[in-house]
Amino acid sequence: MKWGVVRFPGSLDDGDALHALRNVLGQDAAMLWHKDETLAGAECVVLPGGFSYGDYLRCGAIARFSPIMKSVAHFAADGGLVIGICNGFQILCEAHLLPGALMRNRSLSFICDVVNVRVDNTRTPFTRTAHEGEILRLPIKHGEGCYVAPADDLAQMEERGQVLLRYVDEAGVETDAANPNGSMRSIAGVANDRFNVFGLMPHPEHAVEKMLGGDHGRRIFESIIEAAR
Amino acid sequence: MLVKVFITPRKGILDPQGRAVEGSLKSLGFNGVASVRVGRYITIEIDAPSKDAATAAVGKMCDQLLANPNIEDYRFEVDGE
Chain A
1 MKWGVVRFPG SLDDGDALHA LRNVLGQDAA MLWHKDETLA GAECVVLPGG
51 FSYGDYLRCG AIARFSPIMK SVAHFAADGG LVIGICNGFQ ILCEAHLLPG
101 ALMRNRSLSF ICDVVNVRVD NTRTPFTRTA HEGEILRLPI KHGEGCYVAP
151 ADDLAQMEER GQVLLRYVDE AGVETDAANP NGSMRSIAGV ANDRFNVFGL
201 MPHPEHAVEK MLGGDHGRRI FESIIEAAR
Chain B
1 MLVKVFITPR KGILDPQGRA VEGSLKSLGF NGVASVRVGR YITIEIDAPS
51 KDAATAAVGK MCDQLLANPN IEDYRFEVDG E
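From first to last, the protein sequence lines are chains A and B.
Counting in my numbering, the first sequence runs from 1 upward without gaps.
Counting in my numbering, the second sequence runs from 1 upward without gaps.
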């Protein structure tokens, strides 16, 4: 399967995403530059984590207007698969390809941790190899991960099953203590209403090899690979 | 023309920065402080044929880039010629 990982000025996890896809999962993955105007035939586009444009103004607000984002928006409108991780999630929200917004963490601190997230909808291209309610252990590292959306939007998203991942404790229950950043309804990852665009704060690309702390992130990438078959 | 843009967290949206500053002010002894919101202040020098034209342009700037309507409100003032 062909993948394109977009590198913005200030991207940080583009290299890890490429490594996970190419070297661990054996995929045909290429790096795309933010000034490119085409996606080089990618069947799935990855917007990686980092600090695109120094997080100036708001996280993702400037990257959203990079030349490549026009192609990404067209690709998504045509049903193409797009996954945004951390800063990529923020960019997708700013671009209105996903609902809601990401604000400063409740604690005001940058958080580096490993968290449990529960898969709440497995009938999507991003989660289909997981089982309903499966708990994934994934790393997080962000300062602006507090997910917010208007109450009406949230209700609609819940009804449609657009909340794919939620922060939970070890027993799989959402609690205030297990919510690292104050996200509404403990939301860690959401899809659009067509389920071809997905954004999440945890980093699956950092969790694909057991010797490096766990491989639960493979669930996400393997789901996409299976969906594209 | 000089335009001053004020962007604030939308009412009802949790503002953790405002809350932290509020706590700090209270601990300094400013007991009258009821609530604090922290926002962003942007100045723009703009060449426009009229105040109305500047107002229209800055409104678009705010909608498209300067503010995120999901979480922020904005207002702005256009000063003189």
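Bear in mind the hints are in silico, worked out from the structure with no lab data behind them.
Wrong hints could be hidden among the right ones.
[To be verified] Below, simulated DSS-like cross-link-like pairs (lysine-lysine); rule was C-alpha separation at most 27 Å, straight line:
(1) B/K26 - B/K11
(2) B/K60 - A/K70
(3) A/K35 - B/K4
(4) A/K2 - A/K35
(5) A/K35 - A/K70
(6) A/K70 - A/K2
[Said to hold, decoys possible] So the derived label-pair ranges between C-beta atoms look like this:
(7) B/N31 - A/V24: 27 to 35 Å
(8) B/K60 - A/D113: 36 to 44 Å
(9) A/W33 - B/G23: 43 to 51 Å
(10) A/R194 - B/V21: 35 to 43 Å
(11) B/D47 - A/V173: 29 to 37 Å
(12) B/G12 - A/L108: 35 to 43 Å
(13) B/E45 - A/R185: 23 to 31 Å
All C-beta atoms in this analysis are idealised placements derived from N, C-alpha and C, irrespective of residue type, glycine included.
Checked hints:
In summary, the hint linking B/K26 to B/K11 is supported, as the alpha carbons are separated by about 22 Å, within the 27 Å threshold. A C-alpha spacing of about 19 Å is found between B/K60 and A/K70, which places the hinted pair at or below 27 Å, so the restraint holds. Among the hinted pairs, A/K35 with B/K4 is inconsistent with the structure: their alpha-carbon atoms are about 31 Å apart, more than 27 Å. At most 27 Å may separate the alpha-carbon atoms for a hinted pair to count; A/K2 and A/K35 meet this at roughly 20 Å.
The straight-line distance between the Cα atoms of A/K35 and A/K70 is roughly 10 Å, inside the 27 Å bound, and the hint therefore holds. Distance restraint check for A/K70 and A/K2: the Cα-Cα separation of roughly 19 Å lies within the 27 Å cut-off, and the hinted pair is therefore satisfied. For the hinted restraint 27 to 35 Å between B/N31 and A/V24, the CB-CB distance of approximately 58 Å leaves it violated. Against the hinted window of 36 to 44 Å, the Cβ-Cβ separation of B/K60 and A/D113 comes to about 40 Å, which satisfies the hint.
The hinted range of 43 to 51 Å is satisfied by A/W33 and B/G23, whose Cβ atoms lie roughly 44 Å apart. For A/R194 paired with B/V21, a C-beta distance near 41 Å keeps the hint of 35 to 43 Å intact. A hinted range of 29 to 37 Å for the beta carbons of B/D47 and A/V173 is inconsistent with their spacing of about 58 Å. Against the hinted window of 35 to 43 Å, the Cβ-Cβ separation of B/G12 and A/L108 comes to about 19 Å, which falls outside the hint.
Here the CB-CB span from B/E45 to A/R185 is close to 43 Å, at odds with the stated 23 to 31 Å.
Taken one by one, the earlier hints fail for this structure at numbers 3, 7, 11, 12, 13, listed in ascending order.
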